[in-house]
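A.B. asks: Order-wise, the sequence lines are chains A and L. Positions in the first sequence are counted from 1; adding 29 to them yields the working numbering. Positions in the second sequence are counted from 1; adding 2 to them yields the working numbering.
Keep in mind that a hint or two might mislead.
Claimed, not checked - Output of the computed footprint for chain A on chain L, the stretches with three or more beta carbons under 8 Å from beta carbons of chain A: (1) 68-80; (2) 85-99; (3) 123-131; (4) 137-151.
Unchecked claim - Here are a few chain A residues that sit away from chain L, every Cβ distance over 12 Å (derived from the structure): (5) P121; (6) P129; (7) D160; (8) H177; (9) V181; (10) G213.
To be verified - Partner residues aside, some chain A positions facing chain L, computed with beta carbon under 10 Å: (11) A34; (12) I42; (13) L47; (14) L69; (15) M75; (16) A89; (17) P114; (18) A139; (19) A140; (20) A146; (21) E152; (22) L206; (23) A233; (24) A237.
Hints in this document: simulated from the structure, not taken from any laboratory. If you're wondering where the values come from, they're calculated on a predicted model, not measured in any experiment. The C-beta atom is built at its ideal place from N, Cα and C for all residues, glycine as well.
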Amino acid sequence: MCVLAHVLEDAGIATVVLASMRPVAERMSVPRVLYCEFPLGRPLGMPDNAQFQHGVLGAAFDLLNAPSGPVLVDYPEVVEAVEMPLACALPPRYDPDIAPSIDEAQGLRAAYDRAVARRGATEVGRAVDADGVIEALADLERVAAGEHWKEVYGPRLDTIAIAHDIRAYYQEAALELAGGPPPGARQAEAWFYEETEAGKTLAAARDALTEQEAPSGITFYMQPVGR
Amino acid sequence: MSSDQVMRDMMANLPVPEFESTPWASPPPLSEATVALVTSAGLHRADQERFEGRGDISYRMLDRGDRELILGHWSSNFDRAAYVSDHNVVYPIDRLEERAADGTIGAVAPRHVAFAGNQPDTVSEVRLDTGPAAAAELRADGVDVAILTPV
Chain A
30 MCVLAHVLED AGIATVVLAS MRPVAERMSV PRVLYCEFPL GRPLGMPDNA
80 QFQHGVLGAA FDLLNAPSGP VLVDYPEVVE AVEMPLACAL PPRYDPDIAP
130 SIDEAQGLRA AYDRAVARRG ATEVGRAVDA DGVIEALADL ERVAAGEHWK
180 EVYGPRLDTI AIAHDIRAYY QEAALELAGG PPPGARQAEA WFYEETEAGK
230 TLAAARDALT EQEAPSGITF YMQPVGR
Chain L
3 MSSDQVMRDM MANLPVPEFE STPWASPPPL SEATVALVTS AGLHRADQER
53 FEGRGDISYR MLDRGDRELI LGHWSSNFDR AAYVSDHNVV YPIDRLEERA
103 ADGTIGAVAP RHVAFAGNQP DTVSEVRLDT GPAAAAELRA DGVDVAILTP
153 V
């Protein structure tokens, strides 16, 4: 973002960066920075809150009145992430003959489909579509159970994208099931990793991949830092 | 320590490109300015090419009317659920339309820009190649001001 600010200004476009990393912005001689201490992934602070978003945008516009720069202003309101898991019931165990994660994912399908119909878009699809989530979980179960990843996936390991799609499928279903206002930042993440079978399967598969010395650049990005 | 704080601490010490000076474009009065959004969230329409995982230097031009774009940034280290609930928390295009309607800004740009934040470490390409190309496209549309939103 800060590099792009330089590039755009050089081209004659005045910029304001809504920065989420203050020390980075400080070190890069950026013309106009509004530092917003909001959860990462929420540069405007709060979803479904037009008033708050206008407040941030207005503060950004105010920086355009400065006669010279660099200008770095802290937005006065801080928004904290919420680490407590989202309250969202999981489907009961239905088919004892299949892995719990697969049973669970199948049970969430109706909610996922409703979520996609409501929004008209889905984040699932980087590696697999919604139908492929079941197969992707089956593959991760094999890795978690100790099979070597090359046996499961062949030479190309694409588990960052696979992990993204499984998590997106779950999060979209969970937001639909939970209803109400959007949860705090990290609540959907905490629910997925701490409460779902798929989250546990993903963590176990990542541990197995690490033990098998799969490329660390891939295993690192399968889960958020600290998980 | 929260995940966000871990990330902020990690990023605080990463090497960044050094710039000897601060460029400064002087915009027209805001009420006459054409304003664009530039995001590093890797947003794209379903019919546009996806962003790649390792150091993707490309960008997508987004039309003013595009909504429900896909969040293509590859990192797992930020909250992705908020965007699903409300795209404006990353890409405040509806807020910009409201500011044009009430006269705060002159106009909403006809096109906006998405890069993906997962750039090669040197960021040379975005600085010398794709960044200037995107800037030229915005200038061709008469853009005076850009609001930059990271994730």
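A.B. asks: Checked against the structure, which of the hints given earlier come out wrong?
C.D. replies: 10, 17, 18, 19, 20, 22, 23 and 24
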